[in-house]
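Peer 1: Sequence:
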Amino acid sequence: MFLSVSAPGFASKGIYTPQLGSVERKQIINILKADFKVELKKPVRIRVTAFKIQHDWSFVRGVILDKSGGPMDYKGTPYQGAVEAGMFDDWFCSLLHKEKGKWRIVTHAIGATDMPYLDWADIHNAPGGIFK
0 MFLSVSAPGF
10 ASKGIYTPQL
20 GSVERKQIIN
30 ILKADFKVEL
40 KKPVRIRVTA
50 FKIQHDWSFV
60 RGVILDKSGG
70 PMDYKGTPYQ
80 GAVEAGMFDD
90 WFCSLLHKEK
100 GKWRIVTHAI
110 GATDMPYLDW
120 ADIHNAPGGI
130 FK
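Position one of the sequence shown corresponds to residue 0 (numbering that gives the first Met the number 0), numbered consecutively onward.
None of these hints come from the bench; they were simulated from the model. Treat the hints with caution; some may be incorrect.
[Unchecked claim] Pair by pair, the computed Cβ-Cβ distance ranges are:
| hint | residue 1 | residue 2 | range |
| --- | --- | --- | --- |
| 1 | G13 | G69 | 33 to 41 Å |
| 2 | K12 | V47 | 16 to 24 Å |
| 3 | G127 | E83 | 31 to 39 Å |
| 4 | D121 | K40 | 28 to 36 Å |
[Stated by the list, open to error] Think about it this way: if two alpha-carbon atoms lie no more than 25 Å apart in a straight line, the pair counts; the simulated PhoX-like pairs of lysine-lysine are:
| hint | residue 1 | residue 2 |
| --- | --- | --- |
| 5 | K51 | K97 |
| 6 | K97 | K12 |
| 7 | K25 | K12 |
| 8 | K32 | K97 |
| 9 | K32 | K51 |
| 10 | K131 | K32 |
| 11 | K51 | K12 |
| 12 | K66 | K40 |
| 13 | K25 | K97 |
| 14 | K97 | K36 |
| 15 | K25 | K36 |
| 16 | K41 | K25 |
| 17 | K41 | K99 |
Built from N, CA and C at the ideal position, the CB exists for glycine as well.
Start from the sequences and build out the full structure, keeping to the hints where you can.
Peer 2: Here is the structure:
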């Protein structure tokens, strides 16, 4: 007889999505919001569309929103020209790594018109499963 047991929120090979409201999820989202606020010079909210963690690596994909939860106005940001030229897709992706107990952003892309994360596993030696 074979019995399989798995912890809630955990998938094969240790890949999981942190639960809504969890400390880990809040930490990562707050780091991203703080970074985007500095880069865009505006307060932001984030709508997450994909969130995976494996070991000490996290990949987050989503949409940056304005502080009220509406679409972000990129006027006055480094992305204004790309938006005006039609060379901007409204999404972001971020790779984070946990070091000495703290999450830090390794790299991210905002508004990419391609999938910049396709080689991040190789470049940063991150587990490839978090990008699927």
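Peer 1: If a hint holds in the structure, say so; if it does not, say that too.
Peer 2: Status of each hint after checking the structure:
no.	hint	result
1	G13 - G69: 33 to 41 Å	37 Å, holds
2	K12 - V47: 16 to 24 Å	21 Å, holds
3	G127 - E83: 31 to 39 Å	35 Å, holds
4	D121 - K40: 28 to 36 Å	33 Å, holds
5	K51 - K97	13 Å, holds
6	K97 - K12	18 Å, holds
7	K25 - K12	23 Å, holds
8	K32 - K97	17 Å, holds
9	K32 - K51	17 Å, holds
10	K131 - K32	23 Å, holds
11	K51 - K12	12 Å, holds
12	K66 - K40	12 Å, holds
13	K25 - K97	14 Å, holds
14	K97 - K36	21 Å, holds
15	K25 - K36	16 Å, holds
16	K41 - K25	20 Å, holds
17	K41 - K99	30 Å, violated
In this structure, only the earlier hint numbered 17 is contradicted, and the remaining ones agree with it.
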